[in-house]
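J.: Those protein sequences? They're chains Z and B, same order as listed. Its first residue numbered 38, the first sequence is counted upward by one per residue in the working numbering. Its first residue numbered 9, the second sequence is counted upward by one per residue in the working numbering.
Certain hints may be false.
[Said to hold, decoys possible] Here are the simulated SDA-like pairs of lysine to any residue, each with C-alpha atoms no more than 25 Å apart in a straight line: (1) 56(B) <-> 325(Z); (2) 64(Z) <-> 51(Z); (3) 244(Z) <-> 191(B); (4) 244(Z) <-> 152(B); (5) 64(Z) <-> 256(Z); (6) 244(Z) <-> 204(B); (7) 244(Z) <-> 190(B); (8) 56(B) <-> 302(Z); (9) 56(B) <-> 223(Z); (10) 356(Z) <-> 325(Z).
[Unchecked claim] Selected chain Z positions facing chain B (in silico; Cβ < 7 Å): (11) 117; (12) 226; (13) 240; (14) 241; (15) 338.
[As the list claims (entries may be wrong)] Far from chain Z, by Cβ distances over 10 Å, these chain B residues were calculated: (16) 47; (17) 51; (18) 52; (19) 91; (20) 109; (21) 149; (22) 155; (23) 168; (24) 171.
Worth flagging that the hints you see were computed from the coordinates, not collected in a lab. As the structure is a computational prediction, the values presented were derived from the model and not from experiment. Where is the CB? At the ideal position from N, CA and C, for every residue including glycine.
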Amino acid sequence: MTYAPAGSKATLRESRRQLATVIDLNKCMACQTCTVACKGLWTRHPGAEHMRFANVTYEPGAGYPRQWSLMGGGYQGREMRSGRLPTLSDYGGGPRTYNHEAVTRRGESQRVHLQLLDEHGETPSWSYNWDEEVGGGQWPNPYYVHLPRKCNHCSRPPCVDACPKGAIYKREADGIVLIDQDRCSGHRFCVEACPYKAIYFNPVAGKSEKCIECFPRVDEGIAPACSRQCVGRTRHYGYLDDTTCGVHKLVKQWHVALPLHPEYGTSPNVYYVPPLSPLAFDADGNLLDQMRIPNEFLISLFGPRVPRALATLQEEMAKQKAGESSELIELLVGRVWADRFGGFTKDPAHRPRDA
Amino acid sequence: MKARRVRASEEDLLSPDSSFWSGGKTEFVALSPVPLAMTQEVSPLMAKRTDHGAVSSVEVAAVHNGSHLALRLEWETSTSNAIDDLDRFADAAAVMFPMHPEAAAVTMGSEGRPVNAWYWRAGSAGRATCFDVVAEGLGTSVRRDARQTSLTTRSAYVQGRWHITLVRALETGGDAMRFEAGATTGIAFSVWDGANAERAAHKSASMSFSELELEA
Ligand code: SF4
Ligand code: SF4
Numbered sequence: 038m039t040y041a042p043a044g045s046k047a048t049l050r051e052s053r054r055q056l057a058t059v060i061d062l063n064k065c066m067a068c069q070t071c072t073v074a075c076k077g078l079w080t081r082h083p084g085a086e087h088m089r090f091a092n093v094t095y096e097p098g099a100g101y102p103r104q105w106s107l108m109g110g111g112y113q114g115r116e117m118r119s120g121r122l123p124t125l126s127d128y129g130g131g132p133r134t135y136n137h138e139a140v141t142r143r144g145e146s147q148r149v150h151l152q153l154l155d156e157h158g159e160t161p162s163w164s165y166n167w168d169e170e171v172g173g174g175q176w177p178n179p180y181y182v183h184l185p186r187k188c189n190h191c192s193r194p195p196c197v198d199a200c201p202k203g204a205i206y207k208r209e210a211d212g213i214v215l216i217d218q219d220r221c222s223g224h225r226f227c228v229e230a231c232p233y234k235a236i237y238f239n240p241v242a243g244k245s246e247k248c249i250e251c252f253p254r255v256d257e258g259i260a261p262a263c264s265r266q267c268v269g270r271t272r273h274y275g276y277l278d279d280t281t282c283g284v285h286k287l288v289k290q291w292h293v294a295l296p297l298h299p300e301y302g303t304s305p306n307v308y309y310v311p312p313l314s315p316l317a318f319d320a321d322g323n324l325l326d327q328m329r330i331p332n333e334f335l336i337s338l339f340g341p342r343v344p345r346a347l348a349t350l351q352e353e354m355a356k357q358k359a360g361e362s363s364e365l366i367e368l369l370v371g372r373v374w375a376d377r378f379g380g381f382t383k384d385p386a387h388r389p390r391d392a
Numbered sequence: 009m010k011a012r013r014v015r016a017s018e019e020d021l022l023s024p025d026s027s028f029w030s031g032g033k034t035e036f037v038a039l040s041p042v043p044l045a046m047t048q049e050v051s052p053l054m055a056k057r058t059d060h061g062a063v064s065s066v067e068v069a070a071v072h073n074g075s076h077l078a079l080r081l082e083w084e085t086s087t088s089n090a091i092d093d094l095d096r097f098a099d100a101a102a103v104m105f106p107m108h109p110e111a112a113a114v115t116m117g118s119e120g121r122p123v124n125a126w127y128w129r130a131g132s133a134g135r136a137t138c139f140d141v142v143a144e145g146l147g148t149s150v151r152r153d154a155r156q157t158s159l160t161t162r163s164a165y166v167q168g169r170w171h172i173t174l175v176r177a178l179e180t181g182g183d184a185m186r187f188e189a190g191a192t193t194g195i196a197f198s199v200w201d202g203a204n205a206e207r208a209a210h211k212s213a214s215m216s217f218s219e220l221e222l223e224a
């Protein structure tokens with residue numbers, strides 16, 4: 038429920054049901070369609086230039102904002118963990134341009150390379166996805182994982198706890214976490230508290246903003262834009278307790294979709310199917326009996342249940358290969374797109390106009 | 009503390025250099041770090057802080073001209089701070105008045121016992137902002153557009169010292185705080201050091217209301 042002057046914080050945290058997202062990292066190609074779908078809808082206003090409520094970065098890597106996973110926040114047991122706030126440059130600064138003029142019009146293309154320019158016309162030293170495709174691992178086994186992120190609409194949201202104005206709340210009907218813009222004073226305790234750095238400060242408005250889970254769409258039965266627009270068919274959407282929906286099946290029945298950094302203690306509601314990878318090589322080019330993406334690395338992201346989830350995926354793939362049908366693999370392939378959205382399948386283009 | 013009655017225009021009241029300021033007595037009000045343990049319910053994260061209260065005193069003077077009340081606040085701080093990056097906080101100050109005889113300053117009032125505050129905050133390139141604030145307890149403050157209550161401010165940072173004036177009509181109608189020449193009201197003070205990331209209850213404050221008498 039929303040803010041009540043004499044109400045307790047507990048009422049702000051309560052929700053009867055919970056919407057959730059599953060993202061299959063075996064299929065994400067880092068095309069950034071989700072990033073752009075969100076940006077175009079929600080963060081085109083002044084002061085929001087640096088914001089990408091939906092974003093996709095490379096792991097291992099600095100991520101977005103730069104080194105977010107080292108900034109603190111979340112819980113250590115029952116205690117809230119202090120942290121630090123990102124700077125504008127941690128987000129990659131303001132809007133970037135290219136030196137198109139020099140390369141294409143002034144005839145300097147033989148001497149000048151196409152390059153990114155910052156707001157001062159200089160070559161920046163950091164920007165969104167500056168470390169794209171760098172990844173980790175040593176030859177002959179380099180690796181990286183595409184990691185699409187957004188607000189996790191946590192079941193135990195530290196952002197709600199941290200806000201001294203009681204401006205952040207979970208919607209009672211579906212658990213969507215929102216910031217009441219009328220109550221927000223821009224104190225940024227929420228930015229510090231969110232271990233995923235899914236809250237962004239707008240210096241023009243002097244207030245904090247975050248992913249709103251496309252609630253005006255959700256309220257009309259349309260999946261959020263990042264999920265609906267995903268060309269990789271990586272995403273499932275719906276109520277976590279809806280036993281007919283893919284989200285429920287992948288998280289609760291098959292246990293192949295896992296939360297990011299469960300150790301932060303926030304019970305996040307974006308779940309990831311961890312990626313399988315080809316077998317690793319030894320120095321002589323012989324195949325080893327282990328996957329190229331190290332288990333320890335995936336466990337550092339998605340917790341101790343990774344090996345079990347990967348084993349389930351392999352078992353079910355083997356079944357499918359052997360000619361048997363696997364419900365899990367069919368679900369992940371997602372032949373009929375509407376099956377992936379737990380009933381949130383209305384077409385945004387045909388939405389009835391508001392009166 | 010006494011707000012002397014002076015013959016001055018509203019514009020004169022706003023100027024920290026007006027001659028009447030030098031004629032009157034100023035008071036040094038001691039400020040101390042707000043005991044944040046009491047904010048455990050409104051923000052367990054803020055409640056953990058122990059590094060606040062950078063500014064330990066504010067020099068205050070008050071006058072009125074029969075229609076407007078003016079307060080001048082000055083304090084020392086080694087840098088001036090505005091929100092010039094996403095991790096930066098601004099220097100700020102506020103004066104607070106009880107709108108109910110039993111309102112407590114340290115909790116910013118309580119349900120049914122509201123307080124009113126005039127809040128000033130430094131801005132980039134000298135563009136400061138001010139709000140009129142009403143609260144009924146910790147975490148309940150509501151900022152209102154200062155124009156609604158005719159609150160105006162002027163500020164300057166000179167040689168390690170903030171000089172700010174806050175001016176408001178004694179009567180503004182509606183449910184806003186009323187002042188009356190000849191009457192006495194309570195007054196309390198808060199200062200936030202931006203360099204120390206102070207904001208919300210993470211600040212220095214005078215903790216209890218002292219008396220402010222408006223000369224008849
Ligand atoms: S991801 Fe961050 S902003 Fe979103 S609900 Fe969790 S703590 Fe709050
Ligand atoms: S739109 Fe889908 S495939 Fe493309 S980056 Fe986003 S999650 Fe990955």
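J.: Check each numbered hint against the structure and report the violated ones by number, ascending.
T.: 1, 2, 3, 5, 7, 14, 15, 16, 17, 18, 19, 21
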